[in-house]
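Asker: If you read the sequences in order, they're chains A and B.
According to this note's numbering, the first sequence is numbered sequentially starting from 1.
According to this note's numbering, the second sequence is numbered sequentially starting from 1.
Just so you know, not all the hints are guaranteed correct.
It does not matter which identical chain is meant; a pair holds if it fits inside one copy or across any two.
Stated by the list, open to error - Straight-line C-alpha distance at most 30 Å; calculated DSS-like pairs for lysine-lysine:
1) K80 <-> K5
2) K214 <-> K154
3) K214 <-> K24
4) K154 <-> K83
5) K80 <-> K179
6) K24 <-> K50
7) K154 <-> K64
8) K80 <-> K189
9) K64 <-> K49
10) K5 <-> K147
11) K147 <-> K214
12) K189 <-> K4
13) K50 <-> K5
14) K50 <-> K179
In case anyone wonders, no lab produced these hints; they're calculated from the structure.
2 protein chains.
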Amino acid sequence: MPRKKAIVLFSGGLDSSVTLALAKRLGRECHALTFAYGQRHSVEVRHAKKSARALGAASHQILKLPFPSTGSALTGKGRKIPKDRSLATMSGEIPSTYVPARNTVFLALALSWAETLGAEEIFLGANALDYSGYPDCRPQFLRSFEKTARLGTKAGATGRRINIRAPLVRLTKAQIVRKGIALGVDFAKTHSCYDPDRRGSPCGRCDSCRLRLKGFQEAGVRDPLDYRHCFQSG
Amino acid sequence: MPRKKAIVLFSGGLDSSVTLALAKRLGRECHALTFAYGQRHSVEVRHAKKSARALGAASHQILKLPFPSTGSALTGKGRKIPKDRSLATMSGEIPSTYVPARNTVFLALALSWAETLGAEEIFLGANALDYSGYPDCRPQFLRSFEKTARLGTKAGATGRRINIRAPLVRLTKAQIVRKGIALGVDFAKTHSCYDPDRRGSPCGRCDSCRLRLKGFQEAGVRDPLDYRHCFQSG
Numbered sequence: 001m002p003r004k005k006a007i008v009l010f011s012g013g014l015d016s017s018v019t020l021a022l023a024k025r026l027g028r029e030c031h032a033l034t035f036a037y038g039q040r041h042s043v044e045v046r047h048a049k050k051s052a053r054a055l056g057a058a059s060h061q062i063l064k065l066p067f068p069s070t071g072s073a074l075t076g077k078g079r080k081i082p083k084d085r086s087l088a089t090m091s092g093e094i095p096s097t098y099v100p101a102r103n104t105v106f107l108a109l110a111l112s113w114a115e116t117l118g119a120e121e122i123f124l125g126a127n128a129l130d131y132s133g134y135p136d137c138r139p140q141f142l143r144s145f146e147k148t149a150r151l152g153t154k155a156g157a158t159g160r161r162i163n164i165r166a167p168l169v170r171l172t173k174a175q176i177v178r179k180g181i182a183l184g185v186d187f188a189k190t191h192s193c194y195d196p197d198r199r200g201s202p203c204g205r206c207d208s209c210r211l212r213l214k215g216f217q218e219a220g221v222r223d224p225l226d227y228r229h230c231f232q233s234g
Numbered sequence: 001m002p003r004k005k006a007i008v009l010f011s012g013g014l015d016s017s018v019t020l021a022l023a024k025r026l027g028r029e030c031h032a033l034t035f036a037y038g039q040r041h042s043v044e045v046r047h048a049k050k051s052a053r054a055l056g057a058a059s060h061q062i063l064k065l066p067f068p069s070t071g072s073a074l075t076g077k078g079r080k081i082p083k084d085r086s087l088a089t090m091s092g093e094i095p096s097t098y099v100p101a102r103n104t105v106f107l108a109l110a111l112s113w114a115e116t117l118g119a120e121e122i123f124l125g126a127n128a129l130d131y132s133g134y135p136d137c138r139p140q141f142l143r144s145f146e147k148t149a150r151l152g153t154k155a156g157a158t159g160r161r162i163n164i165r166a167p168l169v170r171l172t173k174a175q176i177v178r179k180g181i182a183l184g185v186d187f188a189k190t191h192s193c194y195d196p197d198r199r200g201s202p203c204g205r206c207d208s209c210r211l212r213l214k215g216f217q218e219a220g221v222r223d224p225l226d227y228r229h230c231f232q233s234g
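Sequences and hints are given; from them, build the entire structure.
Answerer: And the structure:
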């Protein structure tokens, strides 16, 4: 019997790498999808290519996306990435790194690819516990998108559902790190920082670095990325 | 008081031209959004630019989109556009011109722009009566997308709704033609054909031409486009 096909939204970060490894473990034929949308951390896109291959993706598409650059500190050249926010602040406030409707756009394009390839699932690494306050990571959003996808596609209209799978959505970062270890993910190949330096070294102070570091700390595991440079200079 | 901002999905065809004219008449500041996604009728994109200006759009963005070319007869080079389908067949069957999840993708990107510009509405010319059988033109899909948009955006999470407006959804093509006349739309500037020739002349036989011609005929109005060439050769 042929393997079930799945699209995996893949940034090359910690969460999406664990998600891809998990989908592989579940026996899926994984088609990774990475978006280049003018994000500052475009080093992410370069690393994602190698990383998807290492994790066993059957194919990997990198799509250029026309997000308005003024919408977010993540895509805008003149805006500052917030640093040193407390975890309490993160959970209560949507930060300036929010990219308008990002996951709606990502999932919409993933849906188009899923339907074209005959994939039955879209995996993404959305996380609603240790996260940066983005509304489009919450389970109720994902459920609603799944329903919209059913109503708005030929697949859905002809009884072939395309399901949204967010296997990390209710895990802590520490649990995600442990799951990654169990699946053999090489964390040295995963990049999470919103504001890396030119060589790709993480800043250690943006929301994404802070959540990642907290996860490794709570899991009692050393993060193999090199944070020394930024802590010395910052 | 400043005018309410709206994004208008604008292909330059009959339906979206009437929709843009309608949104203008309602007093909106209209920001037109056109997608170039490898469709055969890319003449549409060239005409849309002039047409949006003539209809009074405050701004006009043309976004290049990475749809998989194998997904549809509208984007695939080697596939035939169906011709001479009866209207009964159209309403009962999703045709090969269906582009996987097209309106989900269009609306997702419109949502991102709407949130960035502070627009409160997204207008589109979707039509569920005289249409080509696409599932993503139906009211239940549009309502579901609106809910998804509320859950997946900062705007929605902070109580500022972005509404989806499909003012033509329950009109016949004849009613749309009449509405266009009442609004002063210049139909000579609207292009609907899926398979125009090199000079941009419509084929007269694809679903889109057939629905358009039926609309003009039932409205008792002459379509100003020149169909002579195609009927002579076909």
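Asker: When the hints from earlier in the document are held up against this structure, which numbers fail?
Answerer: Hints 5 and 11 not satisfied by this model.
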